[in-house]
Amino acid sequence: MTTEICTLADITDASAGGKAYGLARLLAMGLPVPPAFVLRNACADAFPDRLDQAYRDLGKEAVAVRSSALGEDGTDASFAGQYDTVLNVRGPEALREAIQRCVASVSNERARSYLQDQTGSDTATMNVVVQAMVNARAAGVVFTADPVSARRDLLVIDAVAGLGEALVSGEATPDHYGVHTSGSIVRRQLTAAEPLLSDGEILLIAKGARAAAAHEGQPLDLEWAIDQDGTLYWLQARPITTLPEDLNEFDTVLPRPDDVLTISNVSEMMPGAVCPLTGSFTGWGIDYGLQHMQVAVGARSGIQKDWQITAWAYGHLLLNLSGNVVMSSAVLGSTVEQTGQALCGRIIPELKPFPPQPFLRRVINTGKLLAYCLRAPAVVDRFGDELNVFVIHNETDSKAMWRELEKKSAFFDHAMAVHIQSSALSGFLCTIVENMVSSKSNNSTSEEQGEAIRLLAGATGVESAVMLEKLDSLIDRVVEHPSAQRAFQQATVDDALLWLRNEPALAPIFATFLSDNGHRGYRELCMRDPAWRDDPSPLIQSMQASVHARFVTGGRKPLLSANIDFSSLSRGLRWVLPKAHNAIRRREHTKSQLVEVAHRFKSGFRHLGKLLQEEGMLPDADLVNFFSVKELPGFVLRPDSAAVDRAIARREALIYQQQFEFPEISVGLPQPMEARASTITDGVLQGRPASRGIVEGIARVAITLADAAKLQPGEILITPITDIGWTPYFSLIGGLVTDLGSSVSHGAVIAREYGLPCIVNSREGTRFFNTGDRIRLDGDKGTVERL
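Just so you know, we're using my numbering here: the sequence shown kicks off at 666 and counts up by one.
Treat the hints with caution; some may be incorrect.
In silico EDC-like links for lysine to aspartate or glutamate, alpha-carbon gap of 20 angstroms or less [to be verified]:
no., residue 1, residue 2
1, Lys1446, Glu1116
2, Lys1295, Asp894
3, Lys1135, Glu1116
4, Lys1064, Asp1287
5, Lys1275, Asp1285
6, Lys1073, Asp1062
7, Lys1275, Asp1310
8, Lys1375, Glu1361
9, Lys1072, Glu1296
10, Lys970, Asp916
11, Lys1064, Asp1285
12, Lys1446, Glu1429
13, Lys1295, Glu1116
14, Lys872, Asp892
15, Lys1244, Glu1128
16, Lys1275, Asp1200
17, Lys1275, Glu1296
18, Lys1017, Glu1329
19, Lys1375, Asp1062
20, Lys725, Asp894
Now the in silico label distances, taken between C-beta atoms and shown as ranges [as the list claims (entries may be wrong)]:
no., residue 1, residue 2, range
21, Glu1317, Asp1200, 18 to 26 angstroms
22, Leu997, Thr1369, 37 to 45 angstroms
23, Leu868, Leu997, 28 to 36 angstroms
24, Ser849, Arg921, 18 to 26 angstroms
25, Glu1317, Asn1059, 24 to 32 angstroms
26, Leu1039, Ala1314, 43 to 51 angstroms
27, Thr1110, Gln1150, 44 to 52 angstroms
28, Leu997, Gly1219, 55 to 63 angstroms
29, Pro920, Gly848, 31 to 39 angstroms
30, Lys1375, Thr677, 53 to 61 angstroms
31, Gly848, Thr907, 23 to 31 angstroms
32, Ser849, Gly895, 18 to 26 angstroms
Hints were generated in silico from the structure; no laboratory data involved. Even for Gly, the Cβ is constructed at its ideal location relative to N, Cα and C.
Please construct the entire structure, taking both the sequences and the accompanying hints into account.
Here it is in structure tokens:
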């Protein structure tokens, strides 16, 4: 092959290497690129006759000589740092030496090994870019998607003083900036008191980089430099090779762009990101159930197929508070303040009311709302009969299995609507109790909230508490066994489970517990996460911690029942409190029923995945969870490899989505929170009291169940939210603080059953405190203090 010289304008494909093609593409976009030429098929000691003239035509004495091997800076691999770059090359002889060095680097052991790993070959064609040097004041790289978090809505810039090679080599620590697609600069991490780039320069780099990415139709990694005169030049462009699927692929379109969203409430049973199947099935089911309530009371004319009251962003499910406030404009006596208190445990200042419906219509709708709530007991009773006969049959082929799931799917929406109707009555009566205690509407003090919680905790026979009693009884029996410490508490989870299932004195009790409660578990409404019946490992792990605690402390924390002196209450409270207790019991029962329905569907979808794997349509059954409900029928009928690849990429994306944390309240679709230091005013964090009492102890910050497995007896658990999967740890802890939740959240209810001081809606407890801090939790006032 003959070495030849070509200009950037001559390059129309990647045959001159990814680096040269990237520069040519930048030039074609109209972006400023320093003058350059390319040596095609560069070889040792083979220099074109026109080399010296091409060098002089660049108009700059100093040039950069860079490799542009075939495959380098491509879509499959970057080859970053594998081949040589020579900067500040001056004069024809130095130019030849630099070209020789780049050509020779294609054969170094490091590059050959990388090439072999990436392509299966150990030879590559080398091209060389010769480009005029920029007298840089600042230089660096820009990624049009964050390569660390994989966010495609966040562009990141690294900048160093002088040449960018100091950044690439690691010799200099850069200033770091993040720019959201909205144009706002959301991140600044500086290495000195003064930033290297002005806001105007940051936004100029961002604008050019995003234009380049839009032109290419994919996220890019670009190098840039700003010369001493302030002119921005683009030096290199290549695809980002490490990104998973778009993390915002399933983001919902909000009914109104300034809707107020929250991670509260929905996060109780669905914390973290969810797979596409869960989002499209469970997420829509929640929206359907809430819309059903609004239609029933006249706040909405009909159920709309587009999500109105929930939302899905970055893979996380959220509640649309504005969609819920639609109810406030349709009935009498309902306000945005009440909505905030009911769903988030506090008033939400960002939440604004809608124009009210005509007065007569609100009077009629208020009657409908009262009737809707009062019908809940009958609806719940009827649903119990429906659930008794509801079955999802396991078919023998994927097409028949999908038809069975599709035919039965409306029952999940129905179950959600029943639970929401039951919850509406419970919330309505609990609000009345709190208002009666405070003699004010939605403006009670912490002490008054605590007293209301004490009265509501008097509800006995609550299903979650009954389950706790059974679990505690099982753990008691394990502790009494002479081999418990060796064979259960100190064993691996798998060995402990095997022992429990085979020990004659314990196996029947454990089997009965799973039969009654095996549909429960962590993230209960997730179609992918297994219930205890399917995978008891998380349950066993928490039981091991409880057994350990009882060996250490010599006993267990008993369940408590609040002693209520009804004779000391007002006539109104004596009348309404028993009804509120009944409503709480009913709400917990319908929640368990809803989880049972979800478990039957997740079993059905799991069977569908196994059939698709057996029929050769999926490489593994778990991938069924990475199709949306709308995509599954088409794939089952006509499977294709592109859809499988997309599902695999979505599974990888979920790992990134799980890392995101969001503010409790967002106006519009939320953005993940940036890491920041937390501070506490006077060392005290204020939350909402959910269970009375005061305790001092060591904090255990646990974001996941895996973190909770490290709990020690008496520690105060601080966590974003709990669901039923956390229940076994309540016999171990000394108190509970949650970032989210209300007085009827899972953690609040169970804490009251155990008589544990509890604060919900601390908002940032997991950020304020660290594991090992000694803290004082005051469940009467709703405060947590670092001692």
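Does Asp916 sit within 20 angstroms of Lys970, going by the straight-line distance between their CA atoms? OK: Lys970 and Asp916 at ~15 angstroms, within 20 angstroms.
Check the following: the C-beta atoms of Pro920 and Gly848 are separated by a distance inside 31 to 39 angstroms. With a Cβ separation near 24 angstroms, Pro920 and Gly848 fall outside 31 to 39 angstroms, so the hint is violated.
Using the beta carbons of Thr1110 and Gln1150, state whether their distance is inside 44 to 52 angstroms or not. Hint holds: Cβ distance 48 angstroms, inside 44 to 52 angstroms.
Indicate whether the distance between the beta carbons of Gly848 and Thr907 respects the range 23 to 31 angstroms. Holds: the Cβ-Cβ distance is about 26 angstroms, inside 23 to 31 angstroms.
Holds or violated: 43 to 51 angstroms for the Cβ distance of Leu1039 and Ala1314? holds (49 angstroms)
Range hint 53 to 61 angstroms (beta carbons of Lys1375 and Thr677) holds or violated: holds (59 angstroms)
Would you mind confirming whether the straight-line C-alpha gap from Lys1375 to Glu1361 stays at or under 20 angstroms? It holds: about 19 angstroms lies between the C-alpha atoms, which stays within 20 angstroms.
Assuming the hint says 18 to 26 angstroms, is it satisfied by the Cβ distance from Ser849 to Arg921 or not? Hint holds: Cβ distance 20 angstroms, inside 18 to 26 angstroms.
Range hint 18 to 26 angstroms (beta carbons of Glu1317 and Asp1200) holds or violated: holds (22 angstroms)
Quick one, are Lys1135 and Glu1116 close enough, alpha carbons at most 20 angstroms? With Cα atoms ~29 angstroms apart, Lys1135 and Glu1116 exceed 20 angstroms; violated.
Kindly confirm whether 55 to 63 angstroms is satisfied by the beta carbon distance between Leu997 and Gly1219. holds (56 angstroms)
Do the Cβ positions of Leu868 and Leu997 conform to the proposed distance bound of 28 to 36 angstroms? violated (49 angstroms)
Violated hints, listed in ascending order, are 2, 3, 13, 19, 23 and 29; each of the other numbered hints is respected by the structure.
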